[in-house]
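Listed here are the chains, written in short residue letters.
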Amino acid sequence: MTEPATAAAPAPAADTGARAIFEADGIVKRFGGIQAVDGATMSVGEASITALIGPNGAGKTTFFNLITGFYRPDGGRAVFAGREVQGRPPYMIARLGMVRTFQITKALSAMPVIDNMMLAAPNQPGERLRNVIFRPAASIRREREVREQALELLEVFNLAKLADQYAGTLSGGQRKLLELARALMTRPRFLLLDEPMAGINPTLGRRLLDHMQRLRAEDGVTFLFIEHDMEVVMNHADRVIVMAEGKVIADGEPHEVRADERVIDAYLGGAKVTPPGADGEGASE
Amino acid sequence: MEAGTLGAGQERSLGERLANLVNSVNDAPFGVKAAAGVLLLDLVLLLADRFPDSALEWVALVAIVAISIFALTALERRPALLAVVVLLNILAMLLMLHDLQSVSQRGINGLSLGAIYALGAVGLTLVYGILKLVNFAHGEFLTFGAYMAYLVNVTWGVPLIFGILFAIATTALLGVALEKLMWAPMRGRGAGMLQLVLMTIGLSFLLRYGIQFVWGTELRQLDVNVTDTVNFLDLRIGRTQLIVVVVGFVTLVATGLMLRMTLLGKRMRALSDDLELAEASGIDTSRVILWTWIFAAGLAGLAGVFAGAVTQLQPELGFELLLPIFAAVILGGIGNPFGALAAGVLLGIVIEWSTFFVTPGLKLAVGFVILIIVLIIRPEGILGRARTV
Amino acid sequence: MSDPLSAFHLAVSFSAFTDIDFWTSVGILAGTYAIFATGLQMNVGFTGIFNFGQVGFMAIGAYSMAILTAEHGVNFWLSLPISILIAIGFGLIIGLPSLRLRADYFAIATIAAAEAIRLVALNARDLTNGPQGIFGFDNSWNSVSDSIEEFIVDLGWTDVPSLFPLFLVTWVVAIVLIVGFSRIQRTPWGRVLRAIREDEDAARALGKNAFSYKLQSLAFAATTGALAGFVLALNLKFVVPDEFQPLVTFIGYVVLLLGGLANYWGVVVGSVILWTVLEGMRFVELPLSETKIAALRFMILGVVLIGLMAFRPQGAFGKREEMVLGD
Ligand SMILES: Nc1ncnc2c1ncn2[C@@H]1O[C@H](COP(=O)(O)OP(=O)(O)O)[C@@H](O)[C@H]1O
Ligand SMILES: [Mg+2]
Chain X
-12 MTEPATAAAP APAADTGARA IFEADGIVKR FGGIQAVDGA TMSVGEASIT
38 ALIGPNGAGK TTFFNLITGF YRPDGGRAVF AGREVQGRPP YMIARLGMVR
88 TFQITKALSA MPVIDNMMLA APNQPGERLR NVIFRPAASI RREREVREQA
138 LELLEVFNLA KLADQYAGTL SGGQRKLLEL ARALMTRPRF LLLDEPMAGI
188 NPTLGRRLLD HMQRLRAEDG VTFLFIEHDM EVVMNHADRV IVMAEGKVIA
238 DGEPHEVRAD ERVIDAYLGG AKVTPPGADG EGASE
Chain D
52 MEAGTLGAGQ ERSLGERLAN LVNSVNDAPF GVKAAAGVLL LDLVLLLADR
102 FPDSALEWVA LVAIVAISIF ALTALERRPA LLAVVVLLNI LAMLLMLHDL
152 QSVSQRGING LSLGAIYALG AVGLTLVYGI LKLVNFAHGE FLTFGAYMAY
202 LVNVTWGVPL IFGILFAIAT TALLGVALEK LMWAPMRGRG AGMLQLVLMT
252 IGLSFLLRYG IQFVWGTELR QLDVNVTDTV NFLDLRIGRT QLIVVVVGFV
302 TLVATGLMLR MTLLGKRMRA LSDDLELAEA SGIDTSRVIL WTWIFAAGLA
352 GLAGVFAGAV TQLQPELGFE LLLPIFAAVI LGGIGNPFGA LAAGVLLGIV
402 IEWSTFFVTP GLKLAVGFVI LIIVLIIRPE GILGRARTV
Chain U
72 MSDPLSAFHL AVSFSAFTDI DFWTSVGILA GTYAIFATGL QMNVGFTGIF
122 NFGQVGFMAI GAYSMAILTA EHGVNFWLSL PISILIAIGF GLIIGLPSLR
172 LRADYFAIAT IAAAEAIRLV ALNARDLTNG PQGIFGFDNS WNSVSDSIEE
222 FIVDLGWTDV PSLFPLFLVT WVVAIVLIVG FSRIQRTPWG RVLRAIREDE
272 DAARALGKNA FSYKLQSLAF AATTGALAGF VLALNLKFVV PDEFQPLVTF
322 IGYVVLLLGG LANYWGVVVG SVILWTVLEG MRFVELPLSE TKIAALRFMI
372 LGVVLIGLMA FRPQGAFGKR EEMVLGD
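Chains as they are written, first to last, in this note's numbering: chain X, -12 to 272; chain D, 52 to 440; chain U, 72 to 398.
Simulated from the structure, these hints should not be mistaken for lab results.
It cannot be assumed that every hint is accurate.
Claimed, not checked - Cβ pair distances, simulated, as ranges:
id, chain 1, residue 1, chain 2, residue 2, range
1, X, Ile120, U, Ile246, 26 to 36 Å
2, X, Glu10, U, Ile246, 36 to 46 Å
3, D, Thr410, U, Leu163, 25 to 35 Å
4, X, Gln152, U, Ile246, 30 to 40 Å
5, U, Pro202, D, Ala220, 33 to 43 Å
6, D, Val135, U, Leu163, 52 to 62 Å
7, D, Ala117, U, Leu163, 33 to 43 Å
8, X, Thr156, D, Asp325, 53 to 63 Å
9, D, Val277, U, Val250, 26 to 36 Å
10, U, Lys363, D, Ser337, 48 to 58 Å
11, D, Phe102, U, Pro202, 26 to 36 Å
12, X, Ile120, U, Leu226, 52 to 62 Å
Claimed, not checked - Some residues of chain U that are not near chain D, with every Cβ distance over 10 Å (derived):
id, residue
13, Pro152
14, Ser218
15, Arg254
Glycine included, C-beta positions come from ideal geometry on N, C-alpha and C.
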């Protein structure tokens, strides 16, 4: 289980017409009077890199919370790899291989960086009490493997030398990277990233994007990421989905979406013009 | 990764089935849940008391159950009215099983207990809502008030009315002093929830045993007439108890009006709603906070005198009342003073009525069970607004 | 007025500071609270759940053992594991509904649950014999205690305090628990607990069933609560409701915080310091009545708690980086 999955990665990479790994149909969420997500429908192709964009308050973060089990939708269906996921608890969805990060980073501050990483590894028998007591050797063996993987991944994100520091001592950008690296430790099939580039420096941002491309190409990992930087979206996404006021208003290749009237309206029509990357309103809690 | 999904697969079957079960219960139509709730409640009441023994009683039972379910279903979106329906359901059941006289006799006892709870709860909930402070020392405000009244009324031999005023004033002063000495500085440092809770527990020790240090552990009695009774419609009501109920309710109504009508009351509620928003809109929050302490502590002092008047004074007087007061705060929705007022009174009545079924020593346990049940089915409280997540 | 400390009332007269009987009793007290607080440490220091009902588990453990042994003739040694299982069962019953709640609600729900247990113990006379309590469950223990005493006498120490065997057993249990808990905390299982303490949502997003881990943590606390209950019962030789006031949990928190959070050995430090100071005060001659001195001791406890939380929230010996309280 240490080698990257191959059986699960048959997808022809850049083909946006590939079969969908994830589909959402009419997802609805109300908060009191606010219709935060209002019948969002979309599908995400397997092994694609799809961007989810939209003005502040469009409901993107809420949509993530709904499909990863953090909120219960008031209506609609979400299917990942042939399984309905709406209404399941977050940990089950994560174990299916659908893993998300948070807009407001959730570094586990009072734990060392390496523990943050090792925590995320799947199939650790030592996370079960009875294995801890009756099969300690299996747990220790797995720990060794996991530690190696964690250090490799930290290397990619320039965090290896901080491995033994408490995560709370990291800078904001480093925490963002740590959260990403941690999500990758779970060996996800489908990674949902809520504004992954926000607050990290451009060089590391590039590295991150390269790494995403490589994971997609080598392991067939699918990405859905919320992003405000149009440059990044246009250059790195195979497809772009646009949300506004809780609905999906456009969906297509980057150049198509860029020309779409409705998208321009959504961004410029409303009173609130969104400076790219300045979405500070977090609803991830 | 394949192994990852496999490993999860083994566990999913059971966990998933459990989750589905929980969801299907959650997703059941409200009518079904209401019917199940009423049937369960009334069955418990019958089991604890007795089953109907005449055709007439059976008819009454069926009518009570049917009307309750119908009323609950009709009022789905009005949690406060739902609580009233549940209370009326219990009342109807009691009237069916017992006589009007004994039900109202205990109802009156419940009113005086409820007045004390409500007076304690309204301040606790405001402090909780505004300062996010779970104040375990609130019970000691009651004790402090009671002993202050004792000082004036018994030690100095002055009529109790002055004792009451003195108790309110000194307890309010204590509240203000503690805000200045402890809570304001701790807020400035951004102290965490548990940190503050433990400080209030420490403070509760200090006050309770400070009182014990000065007055000892012996039971003390305020100079009130505890034997005189007033007869009213076949009910025997203690004079002191009657005074507590009347003065208590006048105070409660006045408090409610103050919160609804006056600028200060509106500001208190605004702060309780959203402290930062209130601050941003230019309210002088530290002044409102100070007044909140004056109110919270003053009302607690009054409640303490009442509690001391209908029972006896001892250093644990307030601590013993604290948990039911917390129950009223949570039932009423944390930070909602009107909710706390209503829930305090309701809780007092239900607790006294519960003595139809359990020994009086267990009536508080009934209160805790109610609290836990409400926390399970509606953690935002009966009168609280639904919060998300 | 009940004073749980007087429960451990020391029938010995202690004119000398070096009175070995007296310090044996204090040692048992400190050991009891170390056991009691080890579970609290797992909850508060490592899982971030604020269990304020620990004394309820202590009550369940002590009562189950006493009732099984004295009323139903169950073998004393067999009654211990059964009682632990009963306490764990209560932990699950209390935890299932309430662990989903916000931290502050959970704290209040657990304290209410523990009080409900005490009130039932006080009123369910058929089961618990009400305020009079239960006696006569410790015959098996007494014979073991006697053999330990004989063994020590044989070693050459002739005036062994009669409570010395209990002192030994208490501290063996405490040390074994602490070593065991410390080890289990360093496993991947323990790492998940710490992750939940830091951020439950992050743990859930990484595939951890946070709720199940919190329940397990509570079950561990129930176990140590029950064990502390056994020691308490053997020490007093009776089990009465008054021993299980919320105060006991609060003292457990003082022990926990004095020794520092997120370190199991801290509870030993905290408990030894607290009880040495509180009981050592008996040697300070004060011109005060018995009640006043008892009150003074609790006032000091309050001041210690306030002071710690105001100035050293990580506890007297806690690690600053692993500070669990505050932000
Ligand atoms: N927990 C919540 N409670 C109430 N309103 C919420 C909550 N989460 C999000 N919202 C509201 O839902 C809308 C969508 O928010 P969000 O999903 O964060 O937008 P985006 O991520 O696209 O900027 C906003 O109006 C926000 O205020
Ligand atoms: Mg967002």
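Going down the list of hints, with the structure as the test:
At roughly 19 Å, the beta-carbon separation of X:Ile120 and U:Ile246 lies outside the given 26 to 36 Å, and the hint is violated. Roughly 57 Å separates the CB atoms of X:Glu10 and U:Ile246, a value that falls outside the hinted 36 to 46 Å. The supplied range of 25 to 35 Å is met by D:Thr410 and U:Leu163, whose beta-carbon atoms lie about 28 Å from each other. At roughly 32 Å, the beta carbons of X:Gln152 and U:Ile246 sit within the given window of 30 to 40 Å.
For U:Pro202 and D:Ala220, the hinted distance range of 33 to 43 Å is satisfied, since their beta carbons lie about 39 Å from each other. In this structure, D:Val135 and U:Leu163 break the distance hint of 52 to 62 Å, their C-beta atoms being roughly 34 Å apart. The beta-carbon spacing between D:Ala117 and U:Leu163, approximately 37 Å, falls within the hinted interval of 33 to 43 Å. One distance hint, 53 to 63 Å for the beta-carbon pair X:Thr156 and D:Asp325, is violated here, with the actual separation near 32 Å.
Evaluation of the 26 to 36 Å hint for D:Val277 and U:Val250 yields a failure: the beta carbon distance comes to about 58 Å. One distance hint, 48 to 58 Å for the beta-carbon pair U:Lys363 and D:Ser337, is violated here, with the actual separation near 38 Å. Separation of D:Phe102 from U:Pro202 is about 33 Å and conforms to the stated range, judged on CB atoms against 26 to 36 Å. Restraint check, X:Ile120 to U:Leu226: a C-beta distance of roughly 35 Å breaks the suggested window 52 to 62 Å.
Even its closest Cβ contact with chain D, about 26 Å, leaves U:Pro152 beyond 10 Å, as expected for a residue assigned away from the interface. Against chain D, the non-interface label of U:Ser218 holds: every CB pair exceeds 10 Å, the least being about 41 Å. Interface exclusion of U:Arg254 from chain D stands, the closest Cβ pair being 25 Å apart, more than 10 Å.
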